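Given the coordinates of chain A, assemble chain B onto it according to the supplied hints.
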Amino acid sequence: MLRLIVALGLILGLAFAVTPAAAKGTGLIYVSNEKSNNILVIDPKSYKIVNDIAVSRRPRDMHFNADHTKLYVACGDDDDIDVLDVASGKVVGKLATGSSPETFAMDEARRRIYVSDEEASTLAIVDMDKNIIEKEVPTGAEPEGVMVSKDGKTVYVTSEVGDLVHEIDADRGYVTRDVVVATRPRRFAATPDGKELWVSTEMAGEVNIIDRQKFVVTGKIDFLPPGMRQSDVTPVGLAMTKDGKTAYVTLGHAAHVAVVDVATRKVLDYILVGKRSWGITLSDDQKTLYVANGLGDDITVIDTASRKPIIAIPVGRVPWGVVVDE
Amino acid sequence: MSEAAGLGALLRLAAVALFGLAWVVAAAGQEGAAPAGAPPAPPQRHVKIAFVQVDGDPRYAPIVASDRIVLKKREHPFAGAEVSIDDAAPLQRILGADFALDRIAVRSPADVAPAIKQAADAGTHFFLVDAPAAAYAPLAVAMHGRDVLLFNVSEPDDALRRQLCAAEFVHVYPSRAQLMDGLVQYLVSRKWTNLLEFEGPSSADAAMTEAFEHSAKKFGVHIVAQQKFEPGTDPRQREHNDPALLSAINRDFDVVFAADSDFDFVRTVPYHLVRPRPVIGSIDLRPVAWHWTWDHNGAPQVNSRFEKKANGGHMTGADWASWLAVKMIVQAVLHTRSTDFAKDRAFILGYGSFDGDKGLAVSVRSWDHQVRQAVLLAAPYEVVASAPIEGFLHQSNELDTLGDDQPESTCHLDR
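Chains as they are written, first to last, in numbering that gives the first Met the number 0: chain A, 0 to 325; chain B, 0 to 414.
So here's chain A without its partners, still in its complex pose (with noise of 0.2 Å):
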């Protein structure tokens, strides 16, 4: 097992040595389809799906590496990070995980990823080159969104069931530090200025944020668009703009995203989406919204000036997430 674990380190970074880099920016948008098993590329301009890349079984958080040459897939159903070539849209090669693997974060400069191993509750350190897992974080129950921050030496971990955020000490490797949030903490964003952590907390229908320095929860965001009920409000996904002014966040059942005063910490604006909207990703130039419906099989673009949808993209079943290559 771990010859072959080996080996497929050593064909890996083979793969890494003469795939020639792509070039950064087609602008193309990777959606990925929890139980179509799939990645489907979609045209930004035209919205027509221009490749359909068979992946392992449960396709969720995707990442590309930083100068777009792979896309790293983590696979739920497989326990196993899957990881694109970019340029020919084939699986190259598999990162084993701990058992289904939802959401990740890298560091390339470590290369290490940080990966959430729920029925563990651990966080799983892998070594990208060596494709081992070198180190396993005991956290709270179920822990599911993994934040690492700019310089690399703290890593941000949610346990759903223990309501909790875990500070890890990533060159350690233990926890450092632990706040008590609302119920079912589930995604992070930061603060461009590395000053506060924001996190949803899918079941208390809120955003909380957390002072970086003092570990503690400073504040917190209600939702409620209009004519949804309360308890349909479940946010997961949250995005940032780059100047750390606005905020999005997908609020799940209640099929809507907030638009949030990041300064003010009040609710600008609702945008109507589809159910289950979990996935958020921003385009380069903060222009365009992209948010995975998970009930609705579709993804919808957003223009970020109007704050209205553009256009709603049939994809393939259950699609988890979306990111764009530029």
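Treat the hints loosely; a few may be bogus.
As the list claims (entries may be wrong) - The calculated DSBU-like cross-link candidates involving lysine-lysine, where the alpha carbons are at most 35 Å apart (straight line), are:
#1 A:K129 - B:K308
#2 B:K47 - A:K219
#3 B:K47 - A:K213
#4 B:K116 - B:K308
#5 A:K274 - B:K217
#6 B:K307 - A:K34
#7 B:K308 - A:K34
#8 A:K286 - A:K213
#9 A:K194 - A:K286
#10 A:K134 - B:K307
#11 A:K286 - A:K44
#12 A:K44 - A:K307
#13 A:K274 - B:K308
#14 A:K241 - A:K286
#15 A:K213 - B:K342
#16 A:K134 - B:K308
#17 A:K194 - B:K342
#18 A:K89 - A:K241
#19 A:K241 - A:K44
#20 A:K274 - A:K47
#21 B:K342 - A:K265
#22 B:K216 - A:K274
#23 A:K34 - B:K72
#24 A:K286 - A:K219
#25 A:K307 - A:K286
#26 B:K47 - A:K134
#27 A:K129 - B:K307
#28 A:K34 - A:K149
#29 A:K274 - B:K307
#30 B:K71 - A:K34
#31 B:K190 - A:K274
#32 A:K134 - A:K194
#33 A:K219 - B:K342
#34 B:K190 - A:K34
#35 A:K244 - A:K274
#36 A:K219 - A:K244
#37 A:K149 - A:K244
#38 A:K89 - A:K134
If you are wondering where the hints come from, they were derived from the structure by calculation, not from laboratory data. Please read all numbers here as calculations on a predicted model, not as lab measurements.
The following block gives chain B in isolation, referenced to the frame of chain A:
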């Protein structure tokens, strides 16, 4: 009382796997250097939780076909509580507290109250009560005004929420009224509103039928005929033991509702009616607190942890209730940062968003201490729907379209 504890298997589960995330973390740290922000000393405070069951409880007798084929093995929902204790393990370092689960088995429903009183005298505040309805009235009397919360994890009897109405109880398991309201909401949403009813001979069947009829009236479903069945093969009784003859009425119907808590006669009903109609109630489409195929809201993770704990067994509604009861206690300690009973009790009864992995946030109704929750409508291999069904509206919380809402409740613990 000492008899009850002595005769029953008093099984202390010291939460062995639990102590010392501290050490795990320490071991995970880099060798040598004592890390800054190192974990604090091991837990100082202890929270005791007792799980009380009745040996020989007929609700857990295996269901056996006439030829001795075991159709369903049924287990006390202890494993559900164990999963929740395991879930709490990583919190011990943070809480400075640990959770110990005691299993107390008594011989009869009458022994439940004395056993709980004895354990409460010895300092336990939290009890998971896994006992038939008969155990509750004496329990309410024995524990009246005491510093305890008694979590009902397996009994749907509406009378416990209505007539008995005791402040020490928290009914985590759904009431029959909640379950049947969920089932009928689904029928209404499908416009299957003409029902033929089959009622079995037991008192549980009568209670289930009564709850169903109440729900039917509440949501405007028409019962076209009420038939009583008698299990058996006596040809002289064929009008009462043959589903074809029972369903041969001069009115059409959309669905047969069958109440058969023995799960005996009802097995012969599907495919034996005179018309091709689905069967609901005790077979095929059933309203349940939980189902092993539920795959939303984090349920697959819980089901998977449970199946590991229970050697592949499926998590039942009672297991879910046990799991949630322990979770409520743990969350109380986490959010109040206290093991003070009064604070934890107030949190449990007042918190608005416990996560029961069934979508809508779970909380305790102030008037009858019933846990408001979604009801799953489960076919054998699929959760067909989750109630409240879309479109059934309520002025404050859609979950209160299921079961006894404040205005119609006869229990007013909130006044």
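Taking the numbered hints from earlier one at a time, note which ones the structure violates and give those numbers from smallest to largest. none
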